[in-house]
Amino acid sequence: MVIPQLRCLVALGEAQHFGRAAQASRVSQPELLDAIRALEQEYGHPLVKPGAVFEGFTPQGELVLEWARSFLQHSEALHHDLQTSREESALAPLLERRSVSPKRLRAPGPRPEHIDLILQAALRAPDHGGLHPWRVVEFREAQRAALADRFEAEKRRRDPLASPADLRKAREHATRPPVLLAFVVVPRPRSKVPAREQWLSAGAALGNLLNAAHQLGFGAIVLSGERCFDPVLGAELGIGPDEFLAGFVSLGSVVEAPPPRSHVLPGQVWSAWIPPPASLDQPTRQPSESLNLNLDIANDKT
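Using our numbering, the first residue of the sequence shown is number -4, and each one after it goes up by one.
Bear in mind the hints are in silico, worked out from the structure with no lab data behind them. Idealized CB from N, CA, C, for every residue including glycine. Treat the hints with care, since some could be wrong.
Now the in silico label distances, taken between C-beta atoms and shown as ranges [said to hold, decoys possible]:
1. P271 <-> R191: 36 to 46 Å
2. R152 <-> G212: 15 to 25 Å
3. H123 <-> D237: 14 to 24 Å
4. H69 <-> G125: 45 to 55 Å
5. R191 <-> P107: 25 to 35 Å
6. R15 <-> L67: 14 to 24 Å
Construct the entire structure; sequences and hints are all you get.
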């Protein structure tokens, strides 16, 4: 017995008519009858009462029909489970990605060829106009001490009463990660590509960067904070007046898995739009002030 033949039998049980069963099975009526005869030969008993039109099933046919229904139901459930498993396996790198604290990262970090692949993945992000409104700065080992000096100086400017432990922690932010990058957003003055779309593109690139690192077996995290808004530090790092230091990306091998976190259910971030009643007057929606902030580069509203 094969599944297509069993499907024909079940379709006949539902339709109680040869022609409609053939149509439901997407076969011709002679092909449907051939399938029934093949099942009868396999089972060794007539399954359908004889006649040019469908007159019903024999007692043996009723038994085989119930068995076929149960078999196909379990077969379809198994197929669904296997399909779901394949789909989840395909998305596993995205479903399993987690941000990993620098405290949980150790050498070795990504090698130069890994960094190149990671950047190639970032460059594949959606990018209206192909502007690549971002860039990456790498802080190599020989420059980490100098970077730590600048992180400490920034902490002193922000908190003149910072404790030695706080200053030491600021320095560790520059020296602890095996690989440390700065992600810089660089909006381009293009009238046809609004700055907010360029920010979305930069964010998508940053997401690709993190996902690529995870796919290569490394842990990664983006840390921002007040340090990213310090103009002195920005100038020392070569951040231009029209650029934005989005954050520092730490990369390395994971030596301790991060603690589990609760997952947001898709229903919490998804909805289906329903048109409002035509009789209701809809006020014109004005962009919020927060959305306007740092977005209109062409009009210099930043």
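Okay, the hints, checked on the actual structure:
Under the hint 36 to 46 Å, the C-beta atoms of P271 and R191, about 25 Å apart, miss the expected range. Look at R152 against G212: about 38 Å separates their beta carbons, and that is not inside 15 to 25 Å. Remark: the range hint 14 to 24 Å for H123 to D237 is upheld by a beta-carbon distance near 19 Å. Between H69 and G125 the Cβ separation comes to about 51 Å, which falls inside the hinted range of 45 to 55 Å.
At about 34 Å, the CB distance of R191 to P107 agrees with the hint of 25 to 35 Å. Between R15 and L67 the C-beta distance comes to about 18 Å, which sits within the given range of 14 to 24 Å.
Comparing the model with each earlier hint shows violations of hints 1, 2; every other hint is respected.
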